[in-house]
Each structure stands twice: as structure tokens, then as C-alpha cells.
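The primary structure of each chain is shown beneath.
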Amino acid sequence: MAELLLELLSEEIPARMQTRAAEDLKRLVGDGLKGTGLEFANARAFATPRRLALVIEGLPIECPDISEERRGPRVGAPEKAVQGFLKSAGLESLDQAEKRDTGKGEFWFAVVTKTGGPTAATLPSIVDAAVKALPWPKSMKWGSGTQTWVRPLQSIVALFDGKVLDGGIELGGNMAPVRFGDTTRGHRFLSKGQIKVSTFADYRARLMAAHVMLDAEERKSLILSQSHRLCREAQVTLRSDEGLLEEVTGLVEWPVPMLGTIDPQFMGVPPEVLTVSMKTHLRVFTTGAADGSFANRFVMVANNMAPDGGRTIVDGNERVLRARLADAKFFWDQDRKTTLEDRVPALNGIVFHAKLGSQAERVMRIETLAERIAPHVPGADAGQAILAAHLCKADLVSGMVGEFPELQGVMGRYYALEEKLPNAVADAIGDHYAPVGPNDRCPGAPLSIVLALADKLDTLTSFWSIGEKPTGSRDPFALRRAALGVIRIVVENNIRLPLRKFFAADDLMAFFAERLKVQVREQGVRHDVVDAVFALGGEDDLVRLLARVQAVQSFLATEDGNNLLTAYGRAANIVRVEERKDKSLASRIQGAPDQALLVQEEERSLHAQLAELSLGERMQREDFVAAMGELAGLRGPIDAFFEKVTVNVAGDDRLRLNRLKLLNQIRATVDQVADFSKIEG
Amino acid sequence: MSDASARSKPTCFQELILTLQDYWARQGCLILQPFDMEMGAGTFHTATTLRALGPRPWYAAYVQPSRRPKDGRYGDNPMRLQHYYQFQAILKPSPPDILERYLGSLEAIGIDTSLHDIRFVEDDWESPTLGAWGLGWEVWCDGSEVSQFTYFQQVGGIDVDMVSGEITYGLERLAMYLFDKKSIFDLPFNRIDSEVPLLYGDVFLQNEREQSTYNFEVADTDMLFRHFADAENECRRLIDRRLPLPAYEQCIKASHCFNLLDARGVISVAERQSYILRVRDLAKACCEAWLATQKEPA
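Listed in order, the protein sequences are those of chains A and B.
If you're matching positions, the first sequence starts at 1 in my numbering and goes up one per residue.
If you're matching positions, the second sequence starts at 1001 in my numbering and goes up one per residue.
Don't take every hint at face value.
To be verified - Beta-carbon label-pair distances, calculated as ranges:
id, chain 1, residue 1, chain 2, residue 2, range
1, B, P1057, A, N42, 43 to 49 Å
2, B, P1246, A, K337, 48 to 54 Å
3, A, G444, B, D1097, 56 to 62 Å
4, B, L1243, A, N348, 52 to 58 Å
Just so you know, the hints here were simulated from the structure itself, not pulled from any lab data.
Since we're looking at a predicted model, the values are computed, not measured.
Glycine included, every Cβ here is placed at the ideal spot set by N, Cα and C.
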């Protein structure tokens, strides 16, 4: 058994592409090996800013022989067909083939064995194919070549069982190929010259000595542990940021975390502004003080160990940050000289969407919606809701949001607070884009709820009205996210909102139902039960819909519920079969059965039970538990009915019709709660 | 990269330019002079846009005064100018050691790469008006952007035959970093021990004020609309006459008229895209016409 070591060294690979590319390399080489019948023990892939590496252990030295059976022509087939078969199978004469009866006659068969040969001879083409097939999100040509890679490919280590593989990757044009070899390079600044490697263990150790930490997980945990240590020493806490950590890990081969300080003159700028500026422009981590407030230290992760202990690097980063924050502070100071109200007219000049007009028109629609939603949200003042809606987009024309679009809403809140507008109004402005993702906080204050709902309902109804509905994976206006936002806000805050008052489109309501299914699936809510309740139609109050769904689902989990579902299925099935035989039946079995024709005890008892129910009324009062209790009570009589009563009595059509009416009544009664036919047994 | 002929570390703006010219000359680049027309970036110089196309190798470096009327701040903002300098090096086909050569240029201008943290951060470049794009990086030195590095893939909507490695240094920003100045206007233009030492502001502050006023307030928009149309027509006529170089100059002229009109705020959001597309069509036609001349035997 032997080891395959592969390293593709290139110029700097974008951080966001590294992990995926390493996995792709592993998959492509692995598939190539399996395609030639080569089994292996395990494969591991690694990525740094300059290299993809792959080690595959437990490969055989020789490829296994592959024998293949080929069916030829029928015995006695024309000479031409026989010759063709012999040629394609590589046989001299039919003596080397065998006759076999396939059950459909006798045929010639040839067993062709391909000898495997040395693994080292098949590997180059597998590596070549994998390199050419690797799907980079964006790739490029370089020099005069035609081969593409994410950035220019510089060298390749390709060792099998300690020996360099033959060949290399052709680059096209008049460029020399990148030949397979056994040398690589270390860190761009901390290592000089070429490094010769033999095995993976040797490769990894030599890279480490050349200041390259091959494993991204190792770099990540080093960044974290050293950053935490630096923070502890400075009595601050690191504010974790998974996305940033991931990116920073992909920017360094030798991570060196260092602590920097924010100039105190900027500490009055809102922390969100400082954070965005630091994160997007410098890729540095922010820290918090003991009381949870924003601290004036930050952690940068350098890719170099400087002889001055990093002083130059820290100074440089602090200087850049000062310049950036001076910009941010300038906007903060300037923006506060204009009120939000005074900014509103400028929204006329910003196009929201060619067919939907300007942001100003959008604001007017949101104002109307907010006014209509407010009465449904306890504690929300309609006047304040209109004011918050009126001002909610004003920060889009502020200097700060122009520079940092991701601060929309956040800045509106700060400016509102600076103007001494009511806190609730400021918070509503700040919250109205939320929740922007499944993990984002959901607004909870009454006014915030109103505005966040108004914003999303406007987005949904507006784009729906111009036919911009999401299809498949295309959802350019994030309408799914908007619908999920509405669902979360309504459900998490228990808001009784009749959605149909806000739009007429049936398919928009169905869109909500689909989103709701996705949203509640994680909480273990069954999609078929949602369908069953939703199928009754007319339900546009998501809170009631869910309460109903939950009641039905827990009922179905009981023995009574499960049994009733079976009985319902049986009743519905009999009716359906009869209806199919006789098209006129459906209209004749509507309504209550004739009491006089209920001859058996079980019929009478079932009928009495059905008559006693007040399911509709209980549903109306939203007393779902009691309704389920009533349904449970039906189980006994229905079971007894099916046990003793024959529905399709021969020769007495009146009796038969009456019994079908009774069955139909079961269905109609149960369907008041949910369309049980939609429930999967 | 230490070389007996290498200059000592630059101490002022003009020495930065001289050092870069000297360095890239030693890398085999032609040292060209700026293109003598108004343009938004060094990329518009024929030495880049047109020379990036076709099968002939090309190494060149030059300073290009760049005008971005909208970026003017009347000299009030210490970090923004409507007229500034780019230094551009273009190596076609890109040599395998181009990054090492680039890092050598940083050493030459006084950035000791062992003391600093140099990063190559993904940054793909695209010029909608030139119909050009490429992949590359923003180069950071201790968090400060010191260059843009691009491997050209398409110019004028045409796939390149041979890839150019293009390096752009924003000279003022780089000088602010090197000489530790908070304001562009405080940069020493020549050596402070010169007979007549002058700062960047001494040379350009008045220009920034006047040009900002012109760009934002005074420029005659009717005239500019006319000039745009004239340049567009002339460009087309010259392409028909198979004169790609004069045609391309008209394209540059149209592009600058558009930039001025944009700064004057007379082009609506909806129209903006259509103007960009009109310039792009010209650029594309010029590039195609130029390419036709390059594929003919010289």
C-alpha cells in the first residue's frame, strides 16, 4: 500500500474559494481512482491561500486486473458480424470465445481481461483530469496559455510511493507545462527557495518549518486561542464572528494575531459604524469591555512575523483605521445636521424599481400599510406607526448609508434618537428590515412589529403585482425571505393578522403556506397537516392556522386520532368508490340521513354522536383542544359502525343511500377541522 | 532586489514616480509618457487598452494623470481629488514571476516586506465603459491598499489572445502611506531640502478648487452633450475609415464628456446606463478595428 501526495501551488487563491476547492480536488481524484478500480483507505484535502493539497493513503502499487464480459452475435450469425465481434473483443478466433445459452438463444461471449499495470502509470491522467475539471467559481488564463485556473498555477508536487509521477499539466499556447515534481515553496515572506518533499508527513513538517500551516482548522484554532489570550491580557473579550474568522483563515499561511487600539476620538461614533468599517475595510475583530460595551481594542491577524515584533504592522493598521474612521465620523457629524424629515423629499430621486416607482412612492405605500396594520398589534399607536413609516427610508440618502449601505435602518434609528423622536419610533426604524435571515433577531416591540410587517408586505404585494414572483432558485427580490419574515414576526409575537385584508392574490396566500411549511418543519410540524388545515381555505390568520395544525398533529399522535384517521379514510373511500360508479350519487347523499331509516343500533348511535358535536362552534371559538376531544369521541361509534353495519346492502337502495349519507356526514364533520384526506397515514 | 543602480528610498512624490519608472525600466518595460487626453484611469491609455489585445508581446510602464470629475471635493477633503496620478505597468504576456517583480517594486520604493504585512485580497476588476474585465487582487500593506493587480481576460468585449498582468499604483494614496501624511496636499512634491521645496497642495490645490467648480457648477452641459454626440459620430466615421487609433481618441473624448455630464448631475439614473453602453459600443468597435490591424503581418 502506498501514498499519493499532491500539491497545486498557485498565486493567492481567494479566501472564499479555498475550502470548497480542496474538497472538489479530493472528490475528483477520488472518483478518478474509483473509475479505474483503485480502492484507497482514506483521503484528506487541505487549502491555504497559495495551495491545494491532497493526500490519499492506502493505494495499491498495482492496479487490479479488470475482467469484462462481452456478448457477441448469435451463434450462426453472418461471418461479417462474427468478425466484427472478434475484432472489438481483441480475439483471434471463435476458439477463444464461448457459447452460452441466454434463454433467448445461443450467443457468443468473450471474457476480456485488462491487466492493471502499475498504479503510478495511471495516476498522471487521473490528476490531469481532476485539475482540468476542478470547478472554480471564476477562473482565468495567464501568460500566453489557454489552460485556466483560479490564478496562475506555479508548481505541482505529485508523488506516489515517494516517487515523482511522470508528466505534468499542459498550459497551452507556447508555455512550458507545469511538470509534476517533488518541490514546493514555503511562506511568501518567511521562507526562501525551494523545498524538497518526500511523503505527506515530511511535506507537512517541512511546510511548518517554512512557516506554512497547512491545515485551515489548525490556523483557525490558533487564531482563536491567541486572540483570546491577547484579549484577556488587555481585559477585553473577543467578539466572535464566524464568517470573518473563516475569511481571515484563508488570507494567511502563518497567522499572527496582534492587538491594536482605536483612537479615543472615534469612540463616540455608533459601534455598528465602527464595526462595519473595521470588518469590511480591515478584516479585523472587534472586542467588548467587561460591561458588554464596545471596547477600544481590536484584533488583527497578520501573515508575517516581523523582526520588530509587529510594531510597524500594528502602527500601519491603526493608521488606516484612523483614516477610515475619520471618514465615518465625518459622515456621522454631517448627517446629524439634517433631520430625517428633511431628507424624505430626496427619496423621490431614488428609483426603487423601474415598474414600482421611487423610494418616496414606496414610503407612501408603507405608511398606508402601517396605518392599517397598527390596529391588529396591541400596544401600537397608529399615529406613531405612520410617522415611523414616513421616516424609515430617510437614512438611505444620508452620507453614512451611502458609504456603508449595510447600515440602513441602523443609522435611521441613531438619527431618530439624536432628533429626540420617541424611542419606539427610533427602534421601529432600526428594526424594520429585520429579520434578515433565519438567525436574525425578530422585532418584538409593538411599533417595530407594525413597521417590519408593513415593509415586508409592501415588498411582497408590490413585486407580486408586477408579476415578479420567485421561480425555482430565482428569487432576485428576496420575496421568500420577506414572507418568512412576516411569518416569524406574526408567529413569534402571536399577532392576529388577517393577511387576506392586505392582498387579493390567491397564489400569494399559497406562497405563504409553502413558506410556513418550510419554517415550521424544523419544529417538527408535519407539512401534510399544514396542507390539511390550509386546504379548508379561508384561513389567513397564521397564528390560528398553526394552533389548529398543532392541535390536529397532537391528536393524530394519539391512538384515538390515528384510529379516527383510518376510519375517516375508510368512510371516504367507500363513498368515493360508490360515487365513481354512479355520477349522480354525490348530489343524492348530501345532507343529514333520514332517522327513520337508521335501523341498526350502531347507526343510530353514530348518528346521535355526530349530531351532538359542535365542532364548527368550537373551531370558531378556537377551542381546538375541545374540538379534538369531540373528534376522539367519534372513534368508538365509528369503529362499532364499521364492525356491524354493511353499507352497500344488496337490494335495498334506500337503506344503502341513507348509510352513504351517514358516511358522508362523518367526512363532512371531520373536514370542519382539517381536510383529513390530505393527511398521509 | 537590491541592485547597485537602484535609487535610494524615495522621500517625496516625484522621487516615488522616478523610482517606479527606474524599477520597471530595469524589468524591461518601455517607459512611456502620459496619454495627452483627459481620461478616467491609466487603463484608458492605448498602451493598455489597445495593446492588451492581439498576439504581440508588450511591456510598458507610465504615469497617467487621471480625471474623475465626480470625485472632486474643491480641495476640502484631504483624501479625494478629481485629478490625480496613476502609475501603470503592463506586462504581456504576464511572466511567471510577475508577483515577485511586483514585490520588488515595493522594496524599491521603501516598503521592507519583512517588516510589513502584505496581502493579496481578492478583487476582480471590471470597466463597464471599456467592456473589459480581469481577475486579480487589491494589494494591502498593513491594511492599506497600495496597488491593484489584474490579469486582463477581456477588453472591448474581446477575449485576449495573451494575458496582460496589469499593476496600478494610486500614487497619491501610496505616497500618503509612504510619507505618513494625513492629507494629500501635505505631500512633499519634491525633496524638502530642495532649493524651492513645494508641497502637493502648492502645485494642485488651486486646480482642485477651480476644476471642482467647473465640473460641478460651470461646465456648459449643452456644449458637452454636443461634444459627446460629435465624438461619437466622429469615432464611427473613423472606424469606417479603418483608423482605429484616431477613432479610439474620439471614444476617450466621449467618455470624458460623459463623466463631466455625470458630475453636473444632468444624466438621470435611467439614462446613465445607456450612455455607458454607448461608450462601450465605441470602445468595442475601436478594439475590433485595432485587433484587425494587429493580426495583419506587420
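Index of numbered hints that the structure contradicts, given in increasing order: Violated hint: only 4; rest satisfied.
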